[in-house]
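Those protein sequences? They're chains A and B, same order as listed.
Following my numbering, the numbering of the first sequence begins with 1 at its first residue and continues without gaps.
Following my numbering, the numbering of the second sequence begins with 1 at its first residue and continues without gaps.
Hints in this document: simulated from the structure, not taken from any laboratory.
From the three backbone atoms N, C-alpha and C, an ideal C-beta is built for every residue, glycine too.
Take the hints with a grain of salt, since some may be wrong.
Far from chain A, by Cβ distances over 10 Å, these chain B residues were calculated [claimed, not checked]: (1) Pro-116; (2) His-238; (3) Thr-298.
Heads up, incomplete: computed chain B residues facing chain A, CB under 8 Å, no partners named [claimed, not checked]: (4) Pro-234; (5) Ala-237; (6) Gln-239; (7) Asp-240.
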Amino acid sequence: MPTTAPTAHALSDVTASDSTLSRFLHGLPGVDAVGLEARAASLGTRSIKTTAKAYAIDLAISMVDLTTLEGADTPGKVRALGAKAVHPDPTDRTTPTTAAVCVYPDMVAVAKEAVAGSGVKVASVATAFPAGRAALDVKLADVRDAVAAGADEIDMVIDRGAFLAGKYLKVYDEIVAVKEACGTSARLKVIFETGELSTYDNIRRASWVGMLAGADFIKTSTGKVAVNATPANTLLMLEAVRDFRAQTGTQVGVKPAGGIRTTKDAIKFLVLVNETAGEDWLDNHWFRFGASSLLNDLLMQRQKLATGRYSGPDYVTVD
Amino acid sequence: MSTAEKTEKAEKTEKTERLSVFKTYKLYVGGKFPRSESGRVYEVSDSKGNWLANAPQSSRKDARDAVVAARKAFGGWAGATAYNRGQVLYRVAEMLEGRREQFVREVADAEGLSRPKAAAVVDAAVDRWVWYAGWTDKIAQVIGGANPVAGPYFNLSSPEPTGVVAVLAPQQSSFLGLVSVVAPVIATGNTAVVIASEKAPLPALSLGEVLATSDVPGGVVNVLSGRTAEIAAPLAAHQDVNAIDLAGADEALARELEIAAADNLKRVLRPQGVDYFETPGIDRMTAFLETKTVWHPTGSLGASGSSY
Numbered sequence: 001m002p003t004t005a006p007t008a009h010a011l012s013d014v015t016a017s018d019s020t021l022s023r024f025l026h027g028l029p030g031v032d033a034v035g036l037e038a039r040a041a042s043l044g045t046r047s048i049k050t051t052a053k054a055y056a057i058d059l060a061i062s063m064v065d066l067t068t069l070e071g072a073d074t075p076g077k078v079r080a081l082g083a084k085a086v087h088p089d090p091t092d093r094t095t096p097t098t099a100a101v102c103v104y105p106d107m108v109a110v111a112k113e114a115v116a117g118s119g120v121k122v123a124s125v126a127t128a129f130p131a132g133r134a135a136l137d138v139k140l141a142d143v144r145d146a147v148a149a150g151a152d153e154i155d156m157v158i159d160r161g162a163f164l165a166g167k168y169l170k171v172y173d174e175i176v177a178v179k180e181a182c183g184t185s186a187r188l189k190v191i192f193e194t195g196e197l198s199t200y201d202n203i204r205r206a207s208w209v210g211m212l213a214g215a216d217f218i219k220t221s222t223g224k225v226a227v228n229a230t231p232a233n234t235l236l237m238l239e240a241v242r243d244f245r246a247q248t249g250t251q252v253g254v255k256p257a258g259g260i261r262t263t264k265d266a267i268k269f270l271v272l273v274n275e276t277a278g279e280d281w282l283d284n285h286w287f288r289f290g291a292s293s294l295l296n297d298l299l300m301q302r303q304k305l306a307t308g309r310y311s312g313p314d315y316v317t318v319d
Numbered sequence: 001m002s003t004a005e006k007t008e009k010a011e012k013t014e015k016t017e018r019l020s021v022f023k024t025y026k027l028y029v030g031g032k033f034p035r036s037e038s039g040r041v042y043e044v045s046d047s048k049g050n051w052l053a054n055a056p057q058s059s060r061k062d063a064r065d066a067v068v069a070a071r072k073a074f075g076g077w078a079g080a081t082a083y084n085r086g087q088v089l090y091r092v093a094e095m096l097e098g099r100r101e102q103f104v105r106e107v108a109d110a111e112g113l114s115r116p117k118a119a120a121v122v123d124a125a126v127d128r129w130v131w132y133a134g135w136t137d138k139i140a141q142v143i144g145g146a147n148p149v150a151g152p153y154f155n156l157s158s159p160e161p162t163g164v165v166a167v168l169a170p171q172q173s174s175f176l177g178l179v180s181v182v183a184p185v186i187a188t189g190n191t192a193v194v195i196a197s198e199k200a201p202l203p204a205l206s207l208g209e210v211l212a213t214s215d216v217p218g219g220v221v222n223v224l225s226g227r228t229a230e231i232a233a234p235l236a237a238h239q240d241v242n243a244i245d246l247a248g249a250d251e252a253l254a255r256e257l258e259i260a261a262a263d264n265l266k267r268v269l270r271p272q273g274v275d276y277f278e279t280p281g282i283d284r285m286t287a288f289l290e291t292k293t294v295w296h297p298t299g300s301l302g303a304s305g306s307s308y
């Protein structure tokens, strides 16, 4: 499946200038906010039990980007996180590994060493995360640094200021430049910080800017603001990647991040994926959860299914 | 008909036609009053078989939610000073005293007692809260202490709460029995998930309302009603429950629960014949305490050795 820059022939003129891009984005159909939220809520009422639940839990574990993005991150903490990503439940080796660990650029080398040989990827936030308020050169240096240290995936933030000011082409060019800096070795996730984009229409537009510019993943949020991933904004982005593939043939992944803490929530998101984008996205190559505490709840639920007893936080690691 | 007659008639109709306001009894979990997650209720009747109310019939998921709430509340409650916990427990007695009439009625209905006898039960329950309120900052002196050791160390044993305690409230004594098993658990800093008497859960559910208005932090006491055996089984097997009080279990159920509880080495208090009117003693408190012993240098070691 194609994972590189879009072959958006039909859409090639769209990014020719600021005005054409602007015209295209504002020509996208408006989002019916009430309908969107109702749809997300109704899909959240599905009851997933027994074997389907077991499958969903293992799938969700394999989709987790185990994340630590704190100023207080130490090499020791990153190593512990890496160990957890490789063996989420040391008492049960049938537990799948997580998809990746997600750290700041200066911790990439440590993380890389911690997960070496396990197939777990190392993702690094970059481009002056989380605000993204820095000169383009600084952002690109940040990205090159992370890639050079061995990051398999780069999570960039878009320039929300430029986006909200209507300078869509600036946002677009920046993503293109970052994508180039990622080279062929790293996949690019583009964070929109949906909580700062104010409207659903803006989230739809941002999704298209990101996909047009060659994002491999579009990601909801940094986890650093009040409103992070919600079922509604993730549903909207899933619709965008579905429509984008229908138009261009290029598949783009989705990553909701922040605020997903329970197995129940995670399964709701998986239902959204299956019902909106389709089964092709039910794979950790195309869908991820940006989370840290979610993994513990998934493991406790997994233990409950295996033993029939409710588990407790004493039986998973404190991260 | 004259106008005066008409008015009189209208007034009369108004009086007789006032709609009765039935109380919806709800669970008390994490400081909130939810219905059962399962949506089920069961009929509760008085000792003569007259319908009293519908009580929520909790499921194992309600039990799980209650444990999560109790675990969340544990740190704060165990960390509160003993003095503060005493004040809070005394406050429960105060609030209960204010609702005396309601509880006398509910206890009379639930247990088929005459009003004076029910009043005696409620008074005893209020006194029981006061009694345990007094114990919160004294229990450490009674069962803890400074141990004599052969060395320049202080060696101190102090009681620590066990954690989340599942409590099967007594089936017969629906109110005094309930208070007598819940108060000692929380007095020492544990948090509780309480299964109310199956036949007579209404006083327990109303006690939830008292606790909610008396400075007891949400989650410290969680009250579930329903089929005791159904709710107790997942609690006994729950890995995040640290102890279980089997006061309300019959012999067969107690045996089964004790086996399930062995899996994560829960402390188990077996059912025993208790006259709840008697002064309780400290056994129910010590049953859910652990002893922490610390060594600490006396600090009096000079070049010439210990001053001991």
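We went through each hint and held it up to the structure:
no.: 1; hint: Pro-116; in the structure: holds, 45 Å
no.: 2; hint: His-238; in the structure: violated, 4 Å
no.: 3; hint: Thr-298; in the structure: holds, 34 Å
no.: 4; hint: Pro-234; in the structure: holds, 6 Å
no.: 5; hint: Ala-237; in the structure: holds, 4 Å
no.: 6; hint: Gln-239; in the structure: holds, 4 Å
no.: 7; hint: Asp-240; in the structure: holds, 3 Å
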